[in-house]
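Student: Chains as they are written, first to last, in UniProt numbering: chain A, 1 to 443; chain B, 1 to 443; chain C, 1 to 443; chain D, 1 to 443.
Don't read these hints as lab results, they were simulated from the structure. Heads up, some of the hints might be wrong.
As the list makes no split between identical chains, a pair holds if one copy fits it or if it spans any two.
Below 25 Å or equal to it, Euclidean Cα-Cα: the simulated DSS-like pairs (lysine-lysine) are [unchecked claim]:
id	residue 1	residue 2
1	K63	K249
2	K49	K77
3	K4	K192
4	K432	K249
5	K249	K425
6	K287	K49
7	K192	K28
8	K266	K78
Protein chains: 4
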Amino acid sequence: MTKKQGIKVVTIGGGSSYTPELVEGFIKRYEQVPVRELWLVDIEAGHQKLEIVGALARRMVKKAGVDLTIYTTLDRKKALQGADFVTTQLRVGLLDARIIDERIPLQHGIIGQETNGAGGLFKALRTIPVLLDIAKDIVTYCPNAWLINFTNPAGLVTEALLRYSAHQKVIGVCNVPYNMHQSIASMLGVEKDSVSIDFAGLNHLVFGTHVYVDGEDVTDAVLELLSDPEMALSMKNIAPLPWGRTFLKALGLVPCPYHRYYYQTKKILEEELRAFHSGHTRAEVVKTLETELFQLYESEDLHVKPPQLEQRGGAYYSDVACNVIASIVNDTRDVQVLNVRNNGSIRELPEDAVVEVNCIVGKHGPTPLSMGALPIHVHGLLQQIKSYEQVAAKAAVTGSYEQALLAMAIHPLVPDEELAETVLKEMLAAHKAYLPQFFSETK
Amino acid sequence: MTKKQGIKVVTIGGGSSYTPELVEGFIKRYEQVPVRELWLVDIEAGHQKLEIVGALARRMVKKAGVDLTIYTTLDRKKALQGADFVTTQLRVGLLDARIIDERIPLQHGIIGQETNGAGGLFKALRTIPVLLDIAKDIVTYCPNAWLINFTNPAGLVTEALLRYSAHQKVIGVCNVPYNMHQSIASMLGVEKDSVSIDFAGLNHLVFGTHVYVDGEDVTDAVLELLSDPEMALSMKNIAPLPWGRTFLKALGLVPCPYHRYYYQTKKILEEELRAFHSGHTRAEVVKTLETELFQLYESEDLHVKPPQLEQRGGAYYSDVACNVIASIVNDTRDVQVLNVRNNGSIRELPEDAVVEVNCIVGKHGPTPLSMGALPIHVHGLLQQIKSYEQVAAKAAVTGSYEQALLAMAIHPLVPDEELAETVLKEMLAAHKAYLPQFFSETK
Amino acid sequence: MTKKQGIKVVTIGGGSSYTPELVEGFIKRYEQVPVRELWLVDIEAGHQKLEIVGALARRMVKKAGVDLTIYTTLDRKKALQGADFVTTQLRVGLLDARIIDERIPLQHGIIGQETNGAGGLFKALRTIPVLLDIAKDIVTYCPNAWLINFTNPAGLVTEALLRYSAHQKVIGVCNVPYNMHQSIASMLGVEKDSVSIDFAGLNHLVFGTHVYVDGEDVTDAVLELLSDPEMALSMKNIAPLPWGRTFLKALGLVPCPYHRYYYQTKKILEEELRAFHSGHTRAEVVKTLETELFQLYESEDLHVKPPQLEQRGGAYYSDVACNVIASIVNDTRDVQVLNVRNNGSIRELPEDAVVEVNCIVGKHGPTPLSMGALPIHVHGLLQQIKSYEQVAAKAAVTGSYEQALLAMAIHPLVPDEELAETVLKEMLAAHKAYLPQFFSETK
Amino acid sequence: MTKKQGIKVVTIGGGSSYTPELVEGFIKRYEQVPVRELWLVDIEAGHQKLEIVGALARRMVKKAGVDLTIYTTLDRKKALQGADFVTTQLRVGLLDARIIDERIPLQHGIIGQETNGAGGLFKALRTIPVLLDIAKDIVTYCPNAWLINFTNPAGLVTEALLRYSAHQKVIGVCNVPYNMHQSIASMLGVEKDSVSIDFAGLNHLVFGTHVYVDGEDVTDAVLELLSDPEMALSMKNIAPLPWGRTFLKALGLVPCPYHRYYYQTKKILEEELRAFHSGHTRAEVVKTLETELFQLYESEDLHVKPPQLEQRGGAYYSDVACNVIASIVNDTRDVQVLNVRNNGSIRELPEDAVVEVNCIVGKHGPTPLSMGALPIHVHGLLQQIKSYEQVAAKAAVTGSYEQALLAMAIHPLVPDEELAETVLKEMLAAHKAYLPQFFSETK
Ligand SMILES: [Mn+2]
Ligand SMILES: [Mn+2]
Ligand SMILES: [Mn+2]
Ligand SMILES: [Mn+2]
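This is chain A alone, in the form it adopts within the complex (with noise of 0.2 Å):
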């Protein structure tokens, strides 16, 4: 890889929604970042929309007036060959296995969720997987490629593809702490160069230890604002409902949007719940919008990202990608926030696990800084949240019954080991297609 040579990226999924955003990505960076070679890989089950969308980012190229080729193809081992970086957006089953996972668990009264809970740990059951192959294949095809993994939930597949890989280029990555970066910013009226934020923590369960801005601190000013229910309402990434003003002061640090999922789990199963009555769980909400979309990118007239992808959910994703294919490749050494290996990172995790925290970013790929120590009040949540995904991903690759149940059992949005074992058997049996592992002859 050579920024003289131009650079070869593959995208696998590259049939999702989402590629018109990288596509804008690589267009916007293209002086920093010179792609050659897109490659948007896609399964025969999703020929049809791999196509539409590759059709789509030829015309968005064109316009642009950027030497970058398309690609688009079924051949993964062939779109490997040489690659210098592979970006992982798949979601095996489609939406419809993201229904079930929301619903099985909401009709057994306990959070169904795209990456939390009973519905998070079948996602990485059948995720999981599939990734480790895609690392087998890099292996041989790219060796010294760089696997940038999107695809939640994102933590887990990190943990799991340093655990269980050959491979060990990989970055796991994540828009909320982008997002949170860019909504503090909003909520302080600053700009948000001026901010830096110490995050500390895993994937969907970050902390914001300290913010600053220009260099002063602001922690409690923020906590503050985040408490104050027209803020909240009017930002949404943080949290579209307010915190306790107290109990947001007590804990000191700035929770992430997901954090919600475990100091509000009454509040959000509520919800939940009646999204479930109403036929329109997030999954369905989805389905909807991804109709919508595809009808939109078919049309010969669209040149550019549309606006309606906003809507989708995972916005700045490919900013986040793009950052750190360009500090790769400039060698730029800045901070960026990703999901890597703690190394002592943060002191009260193992020092294996992986952890979302704040790196620099050069050539030989992240270092993450030494965050100090987190409150003590925290090390518990996310002891347990490390605890469950290290047995998710033991369950992931071994297909065993035992390992998920514990997996589901100790997960705290899980409220009953018996419960537990009903709901892995329902999910289990719904999702038989896509376990292979749970369900091979020789077991």
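Given chain A, put chains B, C and D with the ligands in place with the hints provided.
Tutor: Same frame as chain A, but now just chains B, C and D with the ligands:
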């Protein structure tokens, strides 16, 4: 303290209905541990009960024919002079406070229990300042004495004492491991002495990590038996309801009865709510039992511990305490399960945290054994409860509303920070008389 | 293994002059530990000595009138079948190799000694592959047997076994703590049984962190006595020369005799150089002693362990080994000082490192006690020797010249990397016959 | 502190011969870091030199035409008022004390050196109380100022400040990593900017763990070059004599020049003894150089830093300090190598120890990077020196003879506890005037 001179024991909360068991314990072990003076200390409000219990104790001693003088007094400082052992079994606010601890949380749909969740937190907030006061007096009047704490939540109280008291000769005791040992032997149909168990965890959250019969590891067989509904029903000290068979196998450790609060939260809550609505929470039941016990105790014809005391719960507490005292006095260096500072014994918990673990006990006190690694799937729960305990201890000592809210909100049995604050406020108001640290003027 | 059936012990290196002590140990403890078969195994080169020792052992057993059959054999695999305990006391290359270990380093002006420095390194390089081979046979022929290793450097050898062998029932033993216990009791003029000592450290680098007499801490008094030249001279097991009084007080721990190599390097080196120049290094002295011992052993009139054996050094080794065996057989759970995996017992050393520390010993083997924090001023030395041991073990297993050079160069008794390489080359050449791993064709 | 208002710097020990380099540094970087006031502070004994240096500084500023006022004063408190940065480059006892630090140990046949061994210990004992005093004044007069310590032994002094001072905005600096960076680039024949190095260790005991050129790992090539005698001779900042080729390869890390004291002790000692016997120890050489430098400084015709200063040693110290100041002022968040609290950055060293490590530096100071695991073969040496430093810091603060003896005796360059005490006594006597803590009446 020498065996020749005889031992002086001071029991704070001496008017408790448990005292006859303790007296019986000292009588039974008189040869090994010649307790010559037993001082029963209580407060003005417990004066009458103290005298009833004291009189029974004197009749018991007389009947047994041992040289043991029973003193009853309200003057703690006088009692403590030159003591060798101080045992604490006091209950701040008596059973009426416990009824509040149970009913307020249940009223809000969350678990209300003596040592877990919101109820356990408030018991800790009332108890810790009193225990720290006692420890201060010990420093002044009998600095070489061992403080053996029975008062619940015993692990959290010991954590607070070892963290905030100048007196460091402190041991927390509980009968749970003792009862598990006994129940498991009986379940296996073997002599108790042939069974040895590795215990590791926290108080009321302790695991049997390995069970041996005559040195052979029989842990799997025990787990199998524990998931047998027939067996479980008859083994009430282990668990009143059965555990899932696959869950226990996957867990790979013998849970204690209190683990049901965390692994079977939903079912326990349903049970508790039934009791709540019928007006028969555990505290309410116990209060009736206590009244009956004291009627028995008053009888001049009673010269022994009445069998009805075993119904009360807490059976064998005195055996546990007497065993510790005997091993210290006789430098026995045998293995007992106690609450002590971790010191690396359980590697996944902080070095300075109090844990419940196998120790050898000799003249210079207990030394924990290095228990090796616990499986990853229990790290989270243990760390979460330990985090809670450390925040709760801080709240109890400082009287900080914020810390109390944090302790409540991070407890896994309290599923929402807003609800946490509601319950906190109600309970603070209800227990105001026993929580001066939260209501002092000068704060 | 049951007591009723009797115990089978296999002793590798059975032709050693130490064997009569071991036989005496089994005879003395026959009631507690009924050893019915003792297999003495040696190699062809030691055939003659094996038969001399075997014959003496048979006369001892006959005279004692116990039911214990002595077998002598060169067939290790046959001997191991169904063994309960395997003890190893072999010496690869015999005393001639030890003479080389002492003389080559001294020739270059650095310490040459059996278990420390360059000499100890080479003893480890010769011994570890042989022990790993034995452990492999144990896995095949008697997988339930405990391997009790006497062979020096015992800590390093145990480190290598627990790190690189599939057989994990391994215990390293040494008589140093045993002798310190005895010497300290005699120095204090009290019964040995009334003294208890907390030991923590590494083999031949173990500290007495606290000494108690009847439960009272008398560590300061012991340190005071140890710096008294009169006392030191008569207590040869502790230290042949006195320690600085202020130094010992500041150290605050009771050093073992071998600590002199590190805290009195200069003086020890001067002593050794004197012995070197006079042609009487320790190995040379011992070789003469051994010849005399075997002459004694040959006498048909000898039916007991001859008193001259105590001159040989290593006295009480058999007591240490017999005590371990007795506690395992009888599930005694008493405290002994053994080399085992750390597991948090000594917090300053890695979890998986082998340490020498107080353990309780029962049927399922030794469990170390959590010793609490060691003072900061000994962390460095302990970590340094442990680092060396781990590198040395790797060198022994891999036959890597680079690792061997590293082990030599980082040892605190080897003051220069260039010199380290010079000595390394000479010693590799001198010991070539016993170091096949460094000289194999295929490397 | 704002860039607009200009920066105020106070330099304690301002009369040092190094000052012109610092002044030059501020002049060169005036655009980025507008230092408007530079206060040079010294003590009465250094009054004359202070005025010479101050006059030269004023001539330099005038010639450069920047708006920077030079103040000279003996009144430290006055100088500190409102300072933004305080740099310390004082030398308690001046070069005469350093001569003693070198000559007394060498007279006893052990290494005598400014920052290592017995000499370094005494420099620390004299310096630490003075630095703590300065830190106390900073708390009073300029609590927001960063204290940037140049004074040797810089790591140990920083350890003492972060451990015993209320002022925690402290950074220790050294030019060794800076020079290594430069030398390695020149050795490789590439631009300095294209080289990046991961540094981890302790001050004067720092390793380059990886060297990258344009993101490619070239560590092996650097180690190869470093063992080339030709190269080594011309690269005096790395090592004046070559390293063993195989040793370096096995080490796998780039040593710093000071590592020779530990890995080539014997050769260094021989060199030093030669210098000692010829009356030309380093301090003696430097003393002559200094006299000559001050003669130059007095010349009214000198308006720039004279080139002869580079002979003095310590070149580029000012670059290192100016770079830190610039990154703080401008919130640059670039990577620099500094002495800071570990915080998990180097997992093998205690969390709270001061280490020398890559940090990013922004407005709120330095944050270390998590460096990952160091190889086992360097754990011992690092822990040993860190143990020594912590004991030495305690000795310096408490004036405890016992702690000073311990520090001396556990230092790897002092090979005997008796000799340690002899040298300790002589050095205490020789430095009595500067060690009031060891000689106060009331102790
Ligand atoms: Mn995400
Ligand atoms: Mn209990
Ligand atoms: Mn030994
Ligand atoms: Mn330096």
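Student: Now tell me if each hint is right for this structure.
Tutor: To see whether the hints hold, each was checked on the structure:
| no. | hint | verdict |
| --- | --- | --- |
| 1 | K63 - K249 | neither (50 Å within a copy, 54 Å between copies) |
| 2 | K49 - K77 | within (20 Å within a copy, 67 Å between copies) |
| 3 | K4 - K192 | between (32 Å within a copy, 22 Å between copies) |
| 4 | K432 - K249 | between (46 Å within a copy, 24 Å between copies) |
| 5 | K249 - K425 | between (42 Å within a copy, 17 Å between copies) |
| 6 | K287 - K49 | within (14 Å within a copy, 70 Å between copies) |
| 7 | K192 - K28 | within (19 Å within a copy, 31 Å between copies) |
| 8 | K266 - K78 | neither (49 Å within a copy, 52 Å between copies) |
In this structure, the hints that do not hold are numbers 1, 8, in rising order.
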